[in-house]
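Heads up: the protein sequence lines correspond to chains E and X, in order. For what it's worth, this note's numbering labels the leading residue of the first sequence as 1, then goes sequentially. For what it's worth, this note's numbering labels the leading residue of the second sequence as 202, then goes sequentially.
The set of hints was computed from the structure by calculation and includes no laboratory data. Keep in mind that this is a model prediction, so the values were computed, not measured. All C-beta atoms in this analysis are idealised placements derived from N, C-alpha and C, irrespective of residue type, glycine included. Do not take every clue at face value.
[Unchecked claim] If we take Cβ atoms under 10 Å as the criterion, some of the chain E residues that face chain X in the derived model are: (1) Ile-42; (2) Asn-47; (3) Ile-50; (4) Asn-53; (5) Thr-57; (6) Tyr-64; (7) Asp-78; (8) Thr-99; (9) Gly-104; (10) Leu-105; (11) Ala-106; (12) Thr-108.
[Claimed, not checked] Using 27 Å as the maximum straight-line C-alpha spacing, the simulated DSS-like pairs for lysine-lysine come out as follows: (13) E:Lys-182 with X:Lys-314; (14) X:Lys-376 with E:Lys-182; (15) X:Lys-314 with X:Lys-376; (16) X:Lys-376 with X:Lys-256; (17) E:Lys-85 with E:Lys-200; (18) X:Lys-314 with X:Lys-256.
[Claimed, not checked] Here are the in silico distance ranges between beta carbons for each label pair: (19) X:Pro-298 with E:Ile-42: 53 to 61 Å; (20) E:Ile-50 with X:Thr-320: 31 to 39 Å; (21) X:Asn-328 with E:Ala-48: 48 to 56 Å; (22) E:Asp-193 with X:Thr-381: 25 to 33 Å; (23) E:Thr-108 with X:Thr-284: 27 to 35 Å; (24) X:Thr-331 with E:Gly-38: 56 to 64 Å; (25) X:Ser-265 with E:Ser-33: 38 to 46 Å; (26) E:Val-55 with X:Thr-381: 15 to 23 Å; (27) E:Gln-170 with X:Glu-269: 21 to 29 Å; (28) X:Glu-269 with E:Thr-117: 25 to 33 Å; (29) X:Pro-298 with E:Leu-52: 42 to 50 Å.
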Amino acid sequence: MIFSVQNILARADEKTIKRENGQVLVETMVALSMTVIGLVGILMVLNASIGLNRVITSQYISSYLAGEGVELAGYQLDNNVFASKGYQNNLAAGAYVVTMSLNGLALTRLSQSIAQTPQAVFALPASQVYLGSDSFGNVTYLSSVGGAPAGASSTPFHRVVFVSWQSSDQAVINSIVAWQTKGGAVMSVNVEDHFFNWRKP
Amino acid sequence: MNFFLLKNILRRGAGRESGQTLIEMLIAMFIFSMFIAISVGGFAQSLATQRVVLKMASASNNMSLSMEQMLREMRMGSNYVTTRGSDITFIRSSVDPNTSQVVAQTVTYAWDKNSGILTRSIQNGSNPITLTQPFTASNVDISYFHVTVQNPVGYGTVSAPCLATIVIGITTADKNQTVTNYIQTSVESRAWGM
Numbered sequence: 001m002i003f004s005v006q007n008i009l010a011r012a013d014e015k016t017i018k019r020e021n022g023q024v025l026v027e028t029m030v031a032l033s034m035t036v037i038g039l040v041g042i043l044m045v046l047n048a049s050i051g052l053n054r055v056i057t058s059q060y061i062s063s064y065l066a067g068e069g070v071e072l073a074g075y076q077l078d079n080n081v082f083a084s085k086g087y088q089n090n091l092a093a094g095a096y097v098v099t100m101s102l103n104g105l106a107l108t109r110l111s112q113s114i115a116q117t118p119q120a121v122f123a124l125p126a127s128q129v130y131l132g133s134d135s136f137g138n139v140t141y142l143s144s145v146g147g148a149p150a151g152a153s154s155t156p157f158h159r160v161v162f163v164s165w166q167s168s169d170q171a172v173i174n175s176i177v178a179w180q181t182k183g184g185a186v187m188s189v190n191v192e193d194h195f196f197n198w199r200k201p
Numbered sequence: 202m203n204f205f206l207l208k209n210i211l212r213r214g215a216g217r218e219s220g221q222t223l224i225e226m227l228i229a230m231f232i233f234s235m236f237i238a239i240s241v242g243g244f245a246q247s248l249a250t251q252r253v254v255l256k257m258a259s260a261s262n263n264m265s266l267s268m269e270q271m272l273r274e275m276r277m278g279s280n281y282v283t284t285r286g287s288d289i290t291f292i293r294s295s296v297d298p299n300t301s302q303v304v305a306q307t308v309t310y311a312w313d314k315n316s317g318i319l320t321r322s323i324q325n326g327s328n329p330i331t332l333t334q335p336f337t338a339s340n341v342d343i344s345y346f347h348v349t350v351q352n353p354v355g356y357g358t359v360s361a362p363c364l365a366t367i368v369i370g371i372t373t374a375d376k377n378q379t380v381t382n383y384i385q386t387s388v389e390s391r392a393w394g395m
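Turn these sequences into a full structure, and let the hints steer you where they fit.
Below is the structure:
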């Protein structure tokens, strides 16, 4: 009889110890899992935040590059007015990239036609924008139709300036800068401007 | 004899179970510590990157405003000229508040390399005193500034308006991280015949 009681008590103690031990392990695992989930969640939010800020930075740089494309097209049109040439002179409808000439930046017309979409702009090797140096060693963004300029590093940006004419005195300029995010999505900035031959006699 | 033997076995058994739990706990704690150490390291790195990103965003916002003001003034000015590439000087017209007469002013934006800022100087045609002030915000560190002018004043025959291409490098630094973003844009003088 006494053996039975001892046995029961001993088994009960043993079960309690085992159950408690198991609880400690399970509790630890649950706590660990919750901590892992919490930390991973925070890290994911931070990572997403940094990723979005990277997109904002790219948009910041590309908006200036796109604006520059429009400015260069307007510059060509003003040159035509200034030199009393035809308004469409050196700016036929088509796609252009910004290249470096001896005088500075200029638009160079591409021989092929390109769809006016960010995907088409990004897929075009000739539209790749590089960060390099001009002939005087000054830092500048360059496009090269033939390939990478010597010593220049590639940027994620591709830029094409599209010129179309609604009439002989109204040019429509779309400057598109496209780039690919880390996730693979193609993002873009498209700046559009209309220029009128306001000095038409 | 049997009683003691059984009790001993049970005790020993219970002792072994406790020991296993302790080892498991230690292993769990070790894994947990390892994970926490890695997580905290990654977290700290993310926070540092976040700090740089926030600084960069703040500097970019301020620089955007400065660029907007500078480009607008340049667009309405004429006779662009640069002496060292790290400055741009042009003429703009303004109404003198005292005499109500239109006066030509010489404006210069220049890069102060040592301070990492842009300065703006202005001089009235009749007044020899040049007023120079910081133009960019204190949290904007300009590590590069270069201007290229097409068709500058005195360059051959003036057959086209002036065009200035401006490249600005903005550096953001925080402890071990340094990021430089270059922005480039061109601006054409729309004030012809000034």
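Do the hints match the structure? See the list:
1. Interface restraint check: E:Ile-42 against chain X, minimum CB-CB distance 7 Å, threshold 10 Å, status holds.
2. Using the Cβ-Cβ criterion of 10 Å, the hint placing E:Asn-47 at the interface with chain X is satisfied: the shortest such distance is roughly 7 Å.
3. Evaluation of the E:Ile-50 hint against chain X yields a held restraint, the C-beta minimum of about 5 Å falling below 10 Å.
4. The criterion of a C-beta within 10 Å of any C-beta in chain X is met by E:Asn-53, whose closest approach is roughly 4 Å, and the hint holds.
5. A hinted interface residue such as E:Thr-57 counts as satisfied when its beta carbon comes closer than 10 Å to some beta carbon of chain X; here the least separation is about 6 Å, so the hint holds.
6. Evaluation of the E:Tyr-64 hint against chain X yields a held restraint, the C-beta minimum of about 4 Å falling below 10 Å.
7. For E:Asp-78, the suggested interface contact is upheld, since its CB lies about 5 Å from the closest CB of chain X, less than 10 Å.
8. About 13 Å separates the beta-carbon of E:Thr-99 from the nearest beta-carbon of chain X, more than 10 Å, and the hint is not met.
9. With a cut of 10 Å, the hint placing E:Gly-104 at the interface with chain X holds, because the nearest CB-to-CB distance is about 4 Å.
10. Taking 10 Å as the C-beta cut-off, the interface hint given for E:Leu-105 holds, the closest approach to chain X being about 6 Å.
11. Hint status for E:Ala-106 relative to chain X: holds, with the closest Cβ pair at about 9 Å, below 10 Å.
12. A cut of 10 Å between beta carbons decides the hint on E:Thr-108: the least distance to chain X is about 15 Å, and the hint is violated.
13. Restraint check: the Cα-Cα separation between E:Lys-182 and X:Lys-314 comes to about 34 Å, which exceeds 27 Å; the hinted pair is violated.
14. For the given pair, X:Lys-376 sits about 25 Å from E:Lys-182 by alpha-carbon distance, which is consistent with the 27 Å threshold.
15. Between X:Lys-314 and X:Lys-376 the alpha-carbon distance is near 21 Å, which keeps this suggested pair within the 27 Å criterion.
16. This hinted pair checks out: X:Lys-376 and X:Lys-256 have alpha carbons roughly 12 Å apart, not beyond 27 Å.
17. For the hint pairing E:Lys-85 with E:Lys-200, the CA-to-CA distance comes to about 11 Å; that is within 27 Å, so the pair holds.
18. Taken as a hint, the X:Lys-314 and X:Lys-256 pair is honoured in the structure, with Cα atoms around 20 Å apart against an allowance of 27 Å.
19. Remark: the range hint 53 to 61 Å for X:Pro-298 to E:Ile-42 is upheld by a beta-carbon distance near 57 Å.
20. Between E:Ile-50 and X:Thr-320, the C-beta spacing of about 33 Å keeps the proposed range 31 to 39 Å intact.
21. For X:Asn-328 paired with E:Ala-48, a C-beta distance near 55 Å keeps the hint of 48 to 56 Å intact.
22. For E:Asp-193 paired with X:Thr-381, a C-beta distance near 30 Å keeps the hint of 25 to 33 Å intact.
23. For the hinted restraint 27 to 35 Å between E:Thr-108 and X:Thr-284, the CB-CB distance of approximately 30 Å keeps it satisfied.
24. As the Cβ distance of X:Thr-331 to E:Gly-38 is approximately 60 Å, the hint placing it in 56 to 64 Å holds.
25. Restraint check, X:Ser-265 to E:Ser-33: a C-beta distance of roughly 45 Å satisfies the suggested window 38 to 46 Å.
26. Checking the proposed 15 to 23 Å range against E:Val-55 and X:Thr-381 shows it holds: the Cβ atoms sit about 18 Å from each other.
27. Between E:Gln-170 and X:Glu-269 the beta carbons are some 27 Å apart, a value that agrees with the proposed interval 21 to 29 Å.
28. The supplied range of 25 to 33 Å is met by X:Glu-269 and E:Thr-117, whose beta-carbon atoms lie about 29 Å from each other.
29. In this structure the supplied range 42 to 50 Å holds for X:Pro-298 paired with E:Leu-52, their Cβ-Cβ distance being about 46 Å.
Consistency with the previously given hints fails for numbers 8, 12 and 13, ordered from lowest to highest.
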